[in-house]
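Next come the chains, spelled out residue by residue.
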Amino acid sequence: MNPGFEVRLSSMRRALATVIMPAIDPGNPLAQEQAGLMLAHIGMLEAQWDKLEDYARLCMQDLVEVSGRIDAAGGPETLAAAAGLAALAGKPPVRGEVAYRALSEALEELVRAADRDGDAHFRRALHREVLLHANRQAARDRAWFAACGFDVNTADLPSIEKLIGRCDG
Amino acid sequence: MDSKQHPTREWIDALRLRYPTERTIDQALTRKLQARSGPPYVPSPVSEIATRLERFFAHAMPGARVSQVAPLGGGASKEQFSFTLAQPDGTEARHVLRREPPESVVETHRLREFQMMRAMAGTVPVPDAPWVDAEGQWFDRPAMISRFVEGVTKAPGSGGNVTGLGTGFSSELQDALGGQFVDLLARIHQFDWQSADLYAFDRPEPNSTAGVHQVINWWERIWEEDSFEPMPIIRYTAQWLRANAPPIERVVVIHHDFRAGNFLFDPATAQVTAVLDWELAHLGDYHEDLAWTLQEGYGYRDAQGRFIVCGLIEQAEFLERYERATGFPVDPRKIAYYSVMNTWKSAIIVLATGIRCVIGGKSHQDILLTWLAGFGHVCVDTLLQHLERAENGS
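Listed in order, the protein sequences are those of chains A and B. This note's numbering puts the first sequence at residues 1 to 169. This note's numbering puts the second sequence at residues 1001 to 1394.
Heads up, some of the hints might be wrong.
[Claimed, not checked] Have a look at the derived ranges for each label pair, beta carbon to beta carbon:
#1 S10/A / A1121/B: 47 to 57 Å
#2 N135/A / W1011/B: 28 to 38 Å
#3 S10/A / R1203/B: 50 to 60 Å
#4 P1045/B / A86/A: 27 to 37 Å
#5 P1045/B / E65/A: 33 to 43 Å
#6 E65/A / P1043/B: 17 to 27 Å
#7 E6/A / P1043/B: 27 to 37 Å
#8 Q1068/B / I20/A: 47 to 57 Å
Rather than coming from a laboratory, the hints here were simulated on the basis of the structure. Don't be surprised by glycine CBs; every beta carbon is placed ideally from N, CA and C.
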């Protein structure tokens, strides 16, 4: 366990910034750009590596709650997809990231199935759940990836620590 | 195991049947899938590129000489190398070789890009594109050669992220470039494509939604082929787009990525020297291009809260000038529709195809694509806002 990720990532960042990048051929802009991106990735990993599981479990829990609000109605494809989602939500995989992905896949399958034989009223309710969930997930993911610098509206985003309920930094 | 990484012939055939789209787009996507389980990207030494160029020109222009081959930066989707070509008559000029990596963040067809660039020459400034190797006969993978054009995508010291997103322009440059920017888009849309040599492009039927459905099929197929993490909102949006598709009343050339970062200008005169990146061009509804250019991620809001399109020109002025230049009415409902479609496409590009490239180690820009994925979540957030606006008619 020793040295841990924090120390190893920090040493990688320093080596890249102080030794490797200055040695890159100035006539190779692709190599220069990619080294800069490596440095930025390492910085994000340093900030996030110990928060990933908490973050993934937060995202997973939201989908479990979405599943609990779904009351499917329609043909056999819709009912089968809803049953699959409910079963997965009742006993999700242990690792947060794996569970989140599996639940997302099951919900996506329900959206497809409902398009084929879902009851119209149920489809509307499902779409509302999908839209509301997407809003919450997009806000979380924007916070998670805010350091990439693409988001022009970061003022309203919570910190990752606040998001996962770890305000001790 | 992720089965998309090792697609079977049956799976590919089923996708082609389920999502019928343009012939050459189908060819490009099918070729990508057929090569997916092949080896990852390995950078070619510059000497190998030089040898390939020499062999190509020995055939295409006997007596020509190739020198000063060097990799170029930028270019999230294709490998780029600059080189000097000395022609048999003694004239010398710098050129650019654009070659496909084994997989790219946007999988496109070099013949389409080549034909569109040649067709647009004389209508808007484009790099002269004399040669294409559409099947990769000479360069191992499909490639195209164009003349190097002098110019910059942003002023030295200005802001902006990778690939030109969020590029900042001074007020002087905004004044000089904003009008040109609109006029160039207007000229693209007014171009008489029916008389041009564009046989690689399918022609959408006017006053029909068939062409729109073809575009939805194109991108939903890509989501099916490339997505790694399921996203119910992407699937729902595809259904929404099908249900709400408007007919294409006037078929025009769509550049499809007309924004800051994709044109060059001379910093001394502030004149645009070239419109770049035609690889996603197709024929469709001009609102598709307008909505693309109007994307939030490409511009910013000024102190008065006005949206500055691509960091260049205020939105109301952009639209007024466009209508004046073309005579084409801008329908806000169609802008709303295509804003949904375009942010959906952007999310698919960075959150599905970009990540799929990286999983297979298929691109020269894997590390950039991983970084760009951060943009995808902004796209999804924007997509949700556009869906709400389009549904509420606001």
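Now the hints, each set against the structure:
The hint said 47 to 57 Å for the Cβ distance between S10/A and A1121/B, and at roughly 52 Å that hint holds. A beta carbon spacing of about 33 Å between N135/A and W1011/B agrees with the range 28 to 38 Å that was offered as a hint. Between S10/A and R1203/B the Cβ separation comes to about 58 Å, which falls inside the hinted range of 50 to 60 Å. Taking the beta carbon of each, P1045/B and A86/A are about 56 Å apart, not inside 27 to 37 Å as hinted.
Taking the beta carbon of each, P1045/B and E65/A are about 54 Å apart, not inside 33 to 43 Å as hinted. For E65/A paired with P1043/B, a C-beta distance near 47 Å fails the hint of 17 to 27 Å. The hinted range of 27 to 37 Å is satisfied by E6/A and P1043/B, whose Cβ atoms lie roughly 32 Å apart. With their beta carbons about 26 Å apart, Q1068/B and I20/A fall outside the hinted range of 47 to 57 Å.
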